[in-house]
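Single-letter residue listing:
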Amino acid sequence: MAKQPQLQDYSAAAARALFRTRYGIDERALSELLDVALSRGGDYADLYFEHRQTSSISFEESKVKTASGGITQGLGVRVLAGDSTGYAYTENLSMESMRQAAATAAKICDRRDRVGPVNVAEAATPDRYHIDKPSIEIPSAEKLSIIHRADEAARAYDPSITRVNVSFVEEVKHVLVATSDGRLSADFQPMLRFNVQCLSEVGSSRQTAVDGGGGRLGMEYFVEHPPEAVAREAARQAVTLQKGVEAPAGYIPVVLGAGESGILLHEAVGHGLEADFNRKKTSNYSDRIGQPVASELCTVIDDGTIDHSRGTINVDDEGNVAKKNVLIADGVLQGYLQDRISARHFGVAPSGNGRRESFRNYPMPRMTNTYMLPGESTPDDIVRSVKKGLYAKAFSGGQVNISNGDFVFSVTEGYLIEDGQVTHPVKNVNIIGNGPDTLSKVTMVANDFKLSDGRWTCGKDGQSVPVGVGMPTVLVSGITVGGTKQ
Amino acid sequence: MMAGGSALGSALGAQDAELLTVAEDVCRRARKAGADDADVLIGAGTEFSVTVRKQEVENIVEASSRALGLRVIKDGRVAVSYSSDFTPDALARFVEEAVERAEISDVDEAAGLPDEGYGQVDPASLDLFDPDIEDMDGDRAIDLARRCEQAAFDHDPRITNSGGASYGYNTGSRVLVNTRGFAGASRGSGCSISVEVMADDAEGKKRNDYWYTADRFFRNLESPEEVGRKAAERAVRKIGAGKVPTREVPVVWDPMVSRTLVGLLARAASGELLYRRSTFLLDLEGQPIASRLLNIVDDPLMPGKLGSRSFDGEGLISVRNELFREGTFVRFLLDTYTARKTDRRSTHSAVRGVGGTPSVGTSNLIMLPGPSTPEEIIASVDDGLYLTELLGFGDNITTGDFSRGAGGLWIEHGKLTYPVTEINVSGNLKDMMRDLEMVGNDLDFRSATVAPTLKMAKLMISGL
Numbered sequence: 002m003a004k005q006p007q008l009q010d011y012s013a014a015a016a017r018a019l020f021r022t023r024y025g026i027d028e029r030a031l032s033e034l035l036d037v038a039l040s041r042g043g044d045y046a047d048l049y050f051e052h053r054q055t056s057s058i059s060f061e062e063s064k065v066k067t068a069s070g071g072i073t074q075g076l077g078v079r080v081l082a083g084d085s086t087g088y089a090y091t092e093n094l095s096m097e098s099m100r101q102a103a104a105t106a107a108k109i110c111d112r113r114d115r116v117g118p119v120n121v122a123e124a125a126t127p128d129r130y131h132i133d134k135p136s137i138e139i140p141s142a143e144k145l146s147i148i149h150r151a152d153e154a155a156r157a158y159d160p161s162i163t164r165v166n167v168s169f170v171e172e173v174k175h176v177l178v179a180t181s182d183g184r185l186s187a188d189f190q191p192m193l194r195f196n197v198q199c200l201s202e203v204g205s206s207r208q209t210a211v212d213g214g215g216g217r218l219g220m221e222y223f224v225e226h227p228p229e230a231v232a233r234e235a236a237r238q239a240v241t242l243q244k245g246v247e248a249p250a251g252y253i254p255v256v257l258g259a260g261e262s263g264i265l266l267h268e269a270v271g272h273g274l275e276a277d278f279n280r281k282k283t284s285n286y287s288d289r290i291g292q293p294v295a296s297e298l299c300t301v302i303d304d305g306t307i308d309h310s311r312g313t314i315n316v317d318d319e320g321n322v323a324k325k326n327v328l329i330a331d332g333v334l335q336g337y338l339q340d341r342i343s344a345r346h347f348g349v350a351p352s353g354n355g356r357r358e359s360f361r362n363y364p365m366p367r368m369t370n371t372y373m374l375p376g377e378s379t380p381d382d383i384v385r386s387v388k389k390g391l392y393a394k395a396f397s398g399g400q401v402n403i404s405n406g407d408f409v410f411s412v413t414e415g416y417l418i419e420d421g422q423v424t425h426p427v428k429n430v431n432i433i434g435n436g437p438d439t440l441s442k443v444t445m446v447a448n449d450f451k452l453s454d455g456r457w458t459c460g461k462d463g464q465s466v467p468v469g470v471g472m473p474t475v476l477v478s479g480i481t482v483g484g485t486k487q
Numbered sequence: 036m037m038a039g040g041s042a043l044g045s046a047l048g049a050q051d052a053e054l055l056t057v058a059e060d061v062c063r064r065a066r067k068a069g070a071d072d073a074d075v076l077i078g079a080g081t082e083f084s085v086t087v088r089k090q091e092v093e094n095i096v097e098a099s100s101r102a103l104g105l106r107v108i109k110d111g112r113v114a115v116s117y118s119s120d121f122t123p124d125a126l127a128r129f130v131e132e133a134v135e136r137a138e139i140s141d142v143d144e145a146a147g148l149p150d151e152g153y154g155q156v157d158p159a160s161l162d163l164f165d166p167d168i169e170d171m172d173g174d175r176a177i178d179l180a181r182r183c184e185q186a187a188f189d190h191d192p193r194i195t196n197s198g199g200a201s202y203g204y205n206t207g208s209r210v211l212v213n214t215r216g217f218a219g220a221s222r223g224s225g226c227s228i229s230v231e232v233m234a235d236d237a238e239g240k241k242r243n244d245y246w247y248t249a250d251r252f253f254r255n256l257e258s259p260e261e262v263g264r265k266a267a268e269r270a271v272r273k274i275g276a277g278k279v280p281t282r283e284v285p286v287v288w289d290p291m292v293s294r295t296l297v298g299l300l301a302r303a304a305s306g307e308l309l310y311r312r313s314t315f316l317l318d319l320e321g322q323p324i325a326s327r328l329l330n331i332v333d334d335p336l337m338p339g340k341l342g343s344r345s346f347d348g349e350g351l352i353s354v355r356n357e358l359f360r361e362g363t364f365v366r367f368l369l370d371t372y373t374a375r376k377t378d379r380r381s382t383h384s385a386v387r388g389v390g391g392t393p394s395v396g397t398s399n400l401i402m403l404p405g406p407s408t409p410e411e412i413i414a415s416v417d418d419g420l421y422l423t424e425l426l427g428f429g430d431n432i433t434t435g436d437f438s439r440g441a442g443g444l445w446i447e448h449g450k451l452t453y454p455v456t457e458i459n460v461s462g463n464l465k466d467m468m469r470d471l472e473m474v475g476n477d478l479d480f481r482s483a484t485v486a487p488t489l490k491m492a493k494l495m496i497s498g499l
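In order, the protein sequence lines correspond to chains A and B. For this note's numbering, count along the first sequence from 1 and bump the result up by 1. For this note's numbering, count along the second sequence from 1 and bump the result up by 35.
Misleading hints may appear alongside valid ones.
As the list claims (entries may be wrong) - Chain B is faced by these chain A residues, among others (derived, beta-carbon under 10 Å):
{"no.": "1", "residue": "K64"}
{"no.": "2", "residue": "G87"}
{"no.": "3", "residue": "E92"}
{"no.": "4", "residue": "A102"}
{"no.": "5", "residue": "T283"}
{"no.": "6", "residue": "I302"}
{"no.": "7", "residue": "I433"}
Unchecked claim - Lysine-lysine pairs mimicking BS3-like chemistry, simulated, CA-CA at most 27 Å apart:
{"no.": "8", "chain 1": "A", "residue 1": "K281", "chain 2": "A", "residue 2": "K389"}
{"no.": "9", "chain 1": "B", "residue 1": "K278", "chain 2": "A", "residue 2": "K66"}
{"no.": "10", "chain 1": "A", "residue 1": "K174", "chain 2": "A", "residue 2": "K461"}
{"no.": "11", "chain 1": "A", "residue 1": "K442", "chain 2": "B", "residue 2": "K278"}
{"no.": "12", "chain 1": "A", "residue 1": "K108", "chain 2": "B", "residue 2": "K376"}
{"no.": "13", "chain 1": "A", "residue 1": "K461", "chain 2": "B", "residue 2": "K265"}
{"no.": "14", "chain 1": "A", "residue 1": "K486", "chain 2": "A", "residue 2": "K442"}
{"no.": "15", "chain 1": "B", "residue 1": "K465", "chain 2": "A", "residue 2": "K282"}
{"no.": "16", "chain 1": "A", "residue 1": "K486", "chain 2": "B", "residue 2": "K67"}
{"no.": "17", "chain 1": "A", "residue 1": "K388", "chain 2": "A", "residue 2": "K442"}
{"no.": "18", "chain 1": "A", "residue 1": "K282", "chain 2": "A", "residue 2": "K461"}
{"no.": "19", "chain 1": "A", "residue 1": "K281", "chain 2": "A", "residue 2": "K244"}
{"no.": "20", "chain 1": "B", "residue 1": "K465", "chain 2": "A", "residue 2": "K486"}
{"no.": "21", "chain 1": "A", "residue 1": "K282", "chain 2": "B", "residue 2": "K278"}
{"no.": "22", "chain 1": "A", "residue 1": "K244", "chain 2": "A", "residue 2": "K282"}
{"no.": "23", "chain 1": "B", "residue 1": "K493", "chain 2": "A", "residue 2": "K486"}
{"no.": "24", "chain 1": "B", "residue 1": "K376", "chain 2": "A", "residue 2": "K64"}
{"no.": "25", "chain 1": "B", "residue 1": "K376", "chain 2": "A", "residue 2": "K281"}
Note that these hints are calculated values from the structure, not bench results. Quick reminder that beta carbons are idealized off the backbone N, C-alpha and C, glycines included.
Put together the whole structure using the sequences plus the hints.
This is the structure we're talking about:
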């Protein structure tokens with residue numbers, strides 16, 4: 002349907018070709034722009050080109066209410082002088098406008114010595130989300146069929162389901178990063194996200210629940226994740242909440258189910274281990290490498306290499322290859338998530354975590370897919386060991402204060418545990434803990450690792466990036482649950 | 036047919052006039068390409084910011100950008116497309132694709148442009164734009180940020196670290212044109228100075244806090260030194276913070292958190308949640324459901340305030356709306372779509388981003404001040420919490436259940452005492468509105484959503 006020129010394949014090569022053929026951004030142009038960026042001195046400069054196409058369908062009351070989409074493109078220029086960053090961006094990819102952006106970013110420096118021309122050479126990138134065809138190229142009829150299947154399945158699940166919202170959101174990004182170190186990296190980044198929200202009404206009692214997923218895949222996502230399954234899961238959660246009793250209030254044991262509870266890691270340690278906070282010593286994990294920051298059962302990894310996952314990247318937005326980074330091994334802090342500035346400060350190799358929301362933003366350390374390795378216990382043993390506590394299965398998100406380490410996350414499907422049995426569902430409730438303290442209270446870790454289906458977005462300093470989380474079932478022997486019943 | 040057109044022309048800058056021309060052109064093309072109706076929103080702006088940390092420049096960001104969103108309605112089907120490429124060829128292709136995209140949607144009788152209510156309040160009377168705001172260079176901005184940070188360090192020796200101090204400003208033009216003859220444009224500005232600082236505490240924890248000043252006009256900002264001092268005060272008062280036992284107590288809400296409460300109530304009063312039956316305020320219009328001290332308005336007409344605007348996201352003239360009057364829930368906020376879905380009239384409350392359709396939002400959302408001073412309110416509590424921060428998003432607007440991470444200071448015998456952290460506050464918004472016992476007279480407009488200090492009879496505090 003789109004009248005844009007079609008690309009021959011969907012790869013780093015396609016990304017490289019797009020900028021060259023459509024905007025004339027060849028090696029000479031890159032070299033010239035880097036030269037302008039470093040024309041007032043400066044230790045380093047990079048150019049981040051982005052072409053982003055999105056498409057979404059929003060469906061409610063059994064009809065497509067709006068179809069939307071569009072294209073943005075731009076260049077962000079970054080110049081570093083020591084730890085100082087100059088940043089400018091433009092949506093206009095004419096040479097004149099791009100030179101202007103480079104000159105603006107260069108103003109962070111005030112020297113006049115030029116560094117001389119920089120030549121870039123293309124670096125090989127991994128191919129962790131190769132797809133035959135991005136969903137954005139697929140005719141809408143196929144997507145509408147998926148959406149209708151979800152709508153019907155949700156409504157059929159239970160007569161109390163009166164409203165169903167479905168959203169189908171797709172994106173393809175072509176990215177090119179050129180650095181004054183001489184690196185040139187390109188990437189083609191597809192993303193798909195599918196969400197279903199249900200309202201259950203019983204008399205005057207109304208409850209809503211959401212489920213969804215996706216990742217860096219095309220329509221093949223729906224082979225492993227039929228829309229009916231996503232829809233029934235959202236409907237089931239809404240119906241379960243109808244029977245929810247008041248959640249407990251106070252400091253109690255909590256069993257976190259496998260998968261989504263990885264949010265605990267994202268908030269409890271993930272942000273606190275971003276290297277910019279530790280370089281500035283504003284995180285409560287500053288100066289703690291080599292120290293125990295969690296129980297011995299905890300090995301926590303941030304891994305940008307999981308094929309097709311929402312949080313995966315081939316290269317980060319500074320042109321460095323993504324890696325599998327062990328953050329905590331058997332409870333001991335191993336390292337931080339680095340960007341270029343921080344890696345230089347700490348004298349370590351870049352970890353592939355320098356990410357940005359778009360060309361309008363400078364990069365900073367961000368997570369990719371954050372998870373804990375499985376242990377030896379079984380999920381049943383863990384539940385049986387709790388006399389009185391909470392079993393938390395589904396979540397909506399969280400937040401952390403990285404200075405004091407306090408974090409919260411919200412439970413959207415939880416149950417009381419009474420005498421080692423999962424009993425009544427509870428209403429939505431918050432859990433609040435403190436990073437190192439909470440992780441030191443992980444006393445049992447099960448063997449049932451699960452990566453959460455891809456629907457998480459991380460916000461930091463006004464920039465959103467897609468991320469993944471994963472966990473086995475674990476027991477936290479004590480954490481504060483913010484219910485209403487003492 | 037252009038409401039407010041002549042007053043508009045003389046006040047427009049050259050940029051806005053150019054954007055109006057582009058928007059009018061795209062609207063015309065959309066009709067020619069087969070759309071029955073269309074509207075075009077253009078957002079164009081500049082940003083500039085400087086951050087210093089420990090007195091060294093950490094970053095400088097400077098850029099301008101613009102984007103265009105086209106909503107088309109064809110045979111009752113709606114599509115929205117956006118682009119930042121304003122060249123004529125690109126726009127021609129763009130319009131064709133947008134009209135084609137509408138074929139994916141189903142017919143929706145409630146969709147479409149408003150039939151009445153168009154207009155714009157003269158932007159000049161709203162004081163939205165500071166003509167001196169761009170008269171700022173890097174060195175001057177760096178100086179402001181440095182002074183702010185230094186004042187924090189100077190204020191208390193226990194302040195040992197900084198997350199950075201910033202000065203930033205932005206300007207933006209907003210242009211909306213539609214096929215019913217509305218053509219509106221307005222230009223706004225905003226600037227702020229902010230700083231975050233830390234004090235060391237036991238076990239490697241740091242106690243951080245921040246403060247800021249924000250206004251549309253540079254000359255109205257608080258001094259950088261005042262901002263720095265206040266951030267330092269707020270950070271050091273958290274030293275030694277710990278948890279408290281779980282129980283129900285009275286809670287006083289600091290203005291930085293009472294505005295969160297007001298935002299939640301406005302969300303519950305939105306037309307979208309009304310037609311979706313996903314709000315605890317369903318069926319409660321006209322009912323006296325809250326304390327008589329509760330008065331909430333949404334007012335886009337206040338000159339110089341951060342949330343003011345001359346027309347809503349669909350081109351309807353800005354009007355003031357009462358949400359709560361002396362505890363009675365007066366009305367839901369509605370845009371045209373949600374008004375049609377619920378057999379009501381739009382309250383001119385549409386907001387819109389360039390890439391989306393209109394939705395319901397607020398402008399200056401204000402809990403009106405009451406008779407008490409913050410000091411009187413705190414003094415009235417024998418044993419309770421002075422709530423200063425909230426963490427997380429555990430709110431269920433469908434049921435009214437409220438649950439958030441929290442921090443603050445304990446109140447004993449009417450005085451602020453030790454700091455508290457890693458606790459959760461929870462309750463239900465229906466009860467919380469009724470339990471409003473005192474409302475302060477301390478409104479300050481450093482945000483578009485504002486509320487004074489207030490006291491709630493009881494909330495569950497979860498801690499130890």
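To see whether the hints hold, each was checked on the structure:
1. Of the supplied interface hints, the one on A:K64 holds, with its beta-carbon coming within about 4 Å of a beta-carbon of chain B, less than 10 Å.
2. The beta carbon of A:G87 is positioned within 10 Å of a beta carbon in chain B (closest approach about 5 Å), and the interface hint is therefore held.
3. Given the 10 Å rule on beta carbons, the hint for A:E92 holds: about 4 Å separates it from the nearest Cβ of chain B.
4. Because the smallest distance between the Cβ of A:A102 and any Cβ of chain B comes to about 7 Å, under 10 Å, the interface hint for this residue holds.
5. Contact between A:T283 and chain B, as hinted, is supported at the beta carbon level, the nearest pair being about 5 Å apart and thus within 10 Å.
6. A cut of 10 Å between beta carbons decides the hint on A:I302: the least distance to chain B is about 23 Å, and the hint is violated.
7. Interface restraint check: A:I433 against chain B, minimum CB-CB distance 4 Å, threshold 10 Å, status holds.
8. Among the hinted pairs, A:K281 with A:K389 is inconsistent with the structure: their alpha-carbon atoms are about 42 Å apart, more than 27 Å.
9. The hinted pair formed by B:K278 and A:K66 fails the criterion: a straight-line CA distance of about 48 Å is larger than 27 Å.
10. Only pairs whose Cα atoms come within 27 Å are accepted, and A:K174 paired with A:K461 is accepted, the gap being roughly 21 Å.
11. Note on A:K442 and B:K278: the hinted pairing holds, with a Cα-Cα distance of about 17 Å set against a maximum of 27 Å.
12. Note on A:K108 and B:K376: the hinted pairing is violated, with a Cα-Cα distance of about 53 Å set against a maximum of 27 Å.
13. With a C-alpha separation of about 24 Å, the suggested pairing of A:K461 with B:K265 holds against the 27 Å cut-off.
14. Restraint check for A:K486 and A:K442: satisfied, since their Cα atoms lie roughly 23 Å apart, inside the 27 Å limit.
15. Of the supplied pair hints, the one linking B:K465 and A:K282 is violated, its CA atoms being roughly 42 Å apart against a limit of 27 Å.
16. A C-alpha spacing of about 63 Å is found between A:K486 and B:K67, which places the hinted pair above 27 Å, so the restraint is violated.
17. Proposed proximity of A:K388 and A:K442 is supported: the alpha carbons are some 16 Å apart, at most 27 Å.
18. The straight-line distance between the Cα atoms of A:K282 and A:K461 is roughly 17 Å, inside the 27 Å bound, and the hint therefore holds.
19. Between A:K281 and A:K244 the CA atoms are separated by roughly 48 Å; this puts the pair beyond 27 Å, and the hint is violated.
20. Taken as a hint, the B:K465 and A:K486 pair is honoured in the structure, with Cα atoms around 17 Å apart against an allowance of 27 Å.
21. At most 27 Å may separate the alpha-carbon atoms for a hinted pair to count; A:K282 and B:K278 meet this at roughly 24 Å.
22. This hinted pair does not check out: A:K244 and A:K282 have alpha carbons roughly 46 Å apart, beyond 27 Å.
23. With a C-alpha separation of about 14 Å, the suggested pairing of B:K493 with A:K486 holds against the 27 Å cut-off.
24. Restraint check for B:K376 and A:K64: the C-alpha separation of about 14 Å stays at or below 27 Å, so the hint holds.
25. With a CA separation close to 52 Å, the supplied pair B:K376 and A:K281 exceeds the 27 Å bound.
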